[in-house]
Amino acid sequence: MSNNHSHEHVSNTKRIWLVFALLSVVTTVEVYLGIKRPDFLYMNNFLSMNLLNWVFIILTLYKAYYIVWAFMHMEGEKGSLRWAVVATVIFLVLYLLFILLIEADYVFEVFKNSTIKWNF
Amino acid sequence: MGATVTTEKNNQNTWGGGNEPMGSSYGKLMMWFFIVSDALTFTGFLAAYGFSRFKFIDNWPIADEVFTHFPFMHGVEAPMYYVALMTFVLIFSSVTMVLAVDAGHHMQKGKVAFYMLLTIIGGLIFVGSQAWEWKNFIKGEYGAVETKGGSIIQFVDEKGERVKLEDFAIHLPGQRESLTRDKAKWFMEDEESIPTYTVAEVQAGFKAHHNLLIRTEKIYRDTPEDKANKKLQPKLNRNKHREILTRVESEIMVENAATVVEGANLKHNEYGSKLFADFFFFITGFHGFHVFSGVVINFIIFLNVVLGTYEKRKTYEMVEKVGLYWHFVDLVWVFVFTFFYLV
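Protein chains in written order, with our numbering: chain G, 103 to 222; chain U, 8 to 350.
Hints may be right or wrong, so weigh each one.
Quick list of in silico lysine to aspartate or glutamate cross-link-like pairs, EDC-like style, CA-CA up to 16 Å [claimed, not checked]:
hint: 1; chain 1: U; residue 1: Lys-116; chain 2: U; residue 2: Glu-318
hint: 2; chain 1: U; residue 1: Lys-247; chain 2: U; residue 2: Glu-84
hint: 3; chain 1: G; residue 1: Lys-219; chain 2: U; residue 2: Asp-65
hint: 4; chain 1: G; residue 1: Lys-138; chain 2: U; residue 2: Glu-84
hint: 5; chain 1: U; residue 1: Lys-35; chain 2: U; residue 2: Glu-324
hint: 6; chain 1: G; residue 1: Lys-214; chain 2: U; residue 2: Asp-233
hint: 7; chain 1: U; residue 1: Lys-214; chain 2: U; residue 2: Glu-148
hint: 8; chain 1: U; residue 1: Lys-274; chain 2: U; residue 2: Asp-285
hint: 9; chain 1: G; residue 1: Lys-138; chain 2: U; residue 2: Glu-72
hint: 10; chain 1: U; residue 1: Lys-242; chain 2: U; residue 2: Asp-229
hint: 11; chain 1: G; residue 1: Lys-214; chain 2: U; residue 2: Asp-65
hint: 12; chain 1: U; residue 1: Lys-142; chain 2: U; residue 2: Asp-285
hint: 13; chain 1: U; residue 1: Lys-118; chain 2: U; residue 2: Asp-285
hint: 14; chain 1: U; residue 1: Lys-242; chain 2: U; residue 2: Glu-318
hint: 15; chain 1: U; residue 1: Lys-242; chain 2: U; residue 2: Glu-324
hint: 16; chain 1: G; residue 1: Lys-180; chain 2: U; residue 2: Asp-71
hint: 17; chain 1: U; residue 1: Lys-214; chain 2: U; residue 2: Glu-262
hint: 18; chain 1: U; residue 1: Lys-247; chain 2: U; residue 2: Glu-72
hint: 19; chain 1: G; residue 1: Lys-138; chain 2: U; residue 2: Asp-71
hint: 20; chain 1: U; residue 1: Lys-35; chain 2: G; residue 2: Glu-177
hint: 21; chain 1: U; residue 1: Lys-116; chain 2: U; residue 2: Glu-324
hint: 22; chain 1: U; residue 1: Lys-238; chain 2: U; residue 2: Glu-258
hint: 23; chain 1: U; residue 1: Lys-247; chain 2: G; residue 2: Asp-141
hint: 24; chain 1: G; residue 1: Lys-214; chain 2: U; residue 2: Glu-232
hint: 25; chain 1: U; residue 1: Lys-225; chain 2: U; residue 2: Asp-65
hint: 26; chain 1: U; residue 1: Lys-171; chain 2: U; residue 2: Glu-232
hint: 27; chain 1: U; residue 1: Lys-237; chain 2: U; residue 2: Glu-258
hint: 28; chain 1: U; residue 1: Lys-247; chain 2: U; residue 2: Glu-258
hint: 29; chain 1: U; residue 1: Lys-214; chain 2: U; residue 2: Glu-165
Covered stretches of chain G (in silico footprint by chain U; criterion: 3 or more residues with CB under 8 Å from a CB of chain U, positions within the stretch not fixed) [claimed, not checked]:
hint: 30; segment: 186 to 197
hint: 31; segment: 203 to 212
Derived by calculation from the structure, the hints in this document are not laboratory data.
Built from N, CA and C at the ideal position, the CB exists for glycine as well.
All chains, please: the whole structure from these sequences, using the hints.
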């Protein structure tokens with residue numbers, strides 16, 4: 103059974119430390135940007151979200167990719183398992199976010215343009 | 008049955024046993040199932056957080072102003088540093104976990120035990136840090152006032168710097184005592200604990216200090232509409248920061264005060280929107296619970312490693328399975344960190 107596995111049993115300690123270094127660097131960059139909040143990123147928008155937030159989200163996904171692929175060893179799994187897990191989650195997450203965030207933005211507009219007063 | 012598929016190598020039925028769907032053992036596959044469902048649970052929570060945030064996009068607290076503490080550095084504004092440290096601790100404990108799994112592949116019992124122990128310690132440090140972060144959040148720093156309308160107003164001086172309640176509130180005579188059931192009716196709820204100052208004391212202090220201004224929940228933006236707003240103090244308002252009112256408007260606002268708020272709980276939040284506190288407690292709490300259960304599970308597996316259970320089984324796959332869970336907890340934190348502290 104276990105000799106069916108095409109992967110593993112070669113020590114990949116070196117790769118583990120490499121990924122750790124990578125994750126650390128990315129986190130440091132995130133924290134640095136979070137403290138500085140440079141104007142050219144923070145004050146410019148793309149798709150109604152500022153560039154800094156886009157940078158954060160992209161870096162987060164980058165980290166997530168390495169955690170799942172290297173640490174959870176998804177890279178060594180069969181394609182069927184990879185797709186079953188990753189595609190399902192990504193699809194449902196995007197779907198949920200799409201619905202909720204669009205709706206929330208709509209509710210915000212309703213509050214803003216109505217006579218409802220909250221700041222008193 | 009028609010649905011029998013034979014595999015090339017061992018000529019077995021797909022469902023006849025001895026076969027591993029998706030090339031993964033039963034236990035690992037079930038762990039992946041669990042992780043997928045748990046990931047969707049966290050997605051639900053974070054998406055709900057996003058919903059509330061987009062709904063109140065104009066008055067959501069700025070994390071940099073909320074989490075500013077670092078141990079043994081009292082009074083120093085250190086936004087993000089501590090949570091960054093926590094993130095490193097969790098990532099590092101993920102690394103030791105994966106090193107334990109790696110050592111398990113080579114049947115090195117001592118190494119597996121050592122790395123598992125490091126992972127457990129990392130997890131405990133993280134949970135402890137989270138508790139400390141909660142303590143600061145619950146205790147609050149500057150104090151604020153909640154108006155009759157339910158919004159939070161904070162106090163700043165003529166330079167726009169935050170001012171603590173204790174720095175200006177005037178002590179008025181008169182005794183206050185919280186009303187509990189034994190002093191009143193048996194069917195009522197105990198009154199909430201009393202804040203340090205009454206509304207009247209804060210209002211009197213505000214009147215006596217003419218340099219004080221009010222900062223509202225609303226975020227100022229460089230739009231023509233906000234620039235023309237006469238209620239805002241000139242020169243102090245900056246793009247994407249909270250609005251600071253003129254002294255005249257501030258006085259009107261202070262008259263609306265309903266309760267004094269110190270710190271945050273599920274009902275009040277001195278930092279701004281109440282929902283922020285609710286989501287913070289719920290999501291980081293739920294994540295913290297995952298870390299805690301991860302530590303417990305890791306500890307059980309650690310004991311089994313030390314006792315030599317997996318040595319007898321000739322496989323350290325159990326370590327791999329808890330490893331998957333532990334990495335997942337780390338993965339969730341990466342997202343919680345981004346959406347609560349960075350974005």
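The hints, checked one at a time:
no., hint, result
1, U/Lys-116 / U/Glu-318, "holds, 7 Å"
2, U/Lys-247 / U/Glu-84, "violated, 20 Å"
3, G/Lys-219 / U/Asp-65, "holds, 13 Å"
4, G/Lys-138 / U/Glu-84, "holds, 14 Å"
5, U/Lys-35 / U/Glu-324, "holds, 8 Å"
6, G/Lys-214 / U/Asp-233, "holds, 14 Å"
7, U/Lys-214 / U/Glu-148, "violated, 22 Å"
8, U/Lys-274 / U/Asp-285, "holds, 8 Å"
9, G/Lys-138 / U/Glu-72, "holds, 13 Å"
10, U/Lys-242 / U/Asp-229, "holds, 12 Å"
11, G/Lys-214 / U/Asp-65, "holds, 10 Å"
12, U/Lys-142 / U/Asp-285, "holds, 15 Å"
13, U/Lys-118 / U/Asp-285, "violated, 42 Å"
14, U/Lys-242 / U/Glu-318, "violated, 71 Å"
15, U/Lys-242 / U/Glu-324, "violated, 64 Å"
16, G/Lys-180 / U/Asp-71, "violated, 43 Å"
17, U/Lys-214 / U/Glu-262, "holds, 10 Å"
18, U/Lys-247 / U/Glu-72, "holds, 13 Å"
19, G/Lys-138 / U/Asp-71, "holds, 10 Å"
20, U/Lys-35 / G/Glu-177, "holds, 15 Å"
21, U/Lys-116 / U/Glu-324, "holds, 13 Å"
22, U/Lys-238 / U/Glu-258, "holds, 12 Å"
23, U/Lys-247 / G/Asp-141, "holds, 11 Å"
24, G/Lys-214 / U/Glu-232, "holds, 13 Å"
25, U/Lys-225 / U/Asp-65, "holds, 6 Å"
26, U/Lys-171 / U/Glu-232, "violated, 31 Å"
27, U/Lys-237 / U/Glu-258, "holds, 15 Å"
28, U/Lys-247 / U/Glu-258, "violated, 24 Å"
29, U/Lys-214 / U/Glu-165, "holds, 14 Å"
30, 186 to 197, "holds (count 6)"
31, 203 to 212, "holds (count 6)"
In summary, the numbered hints that this structure violates are 2, 7, 13, 14, 15, 16, 26, 28.
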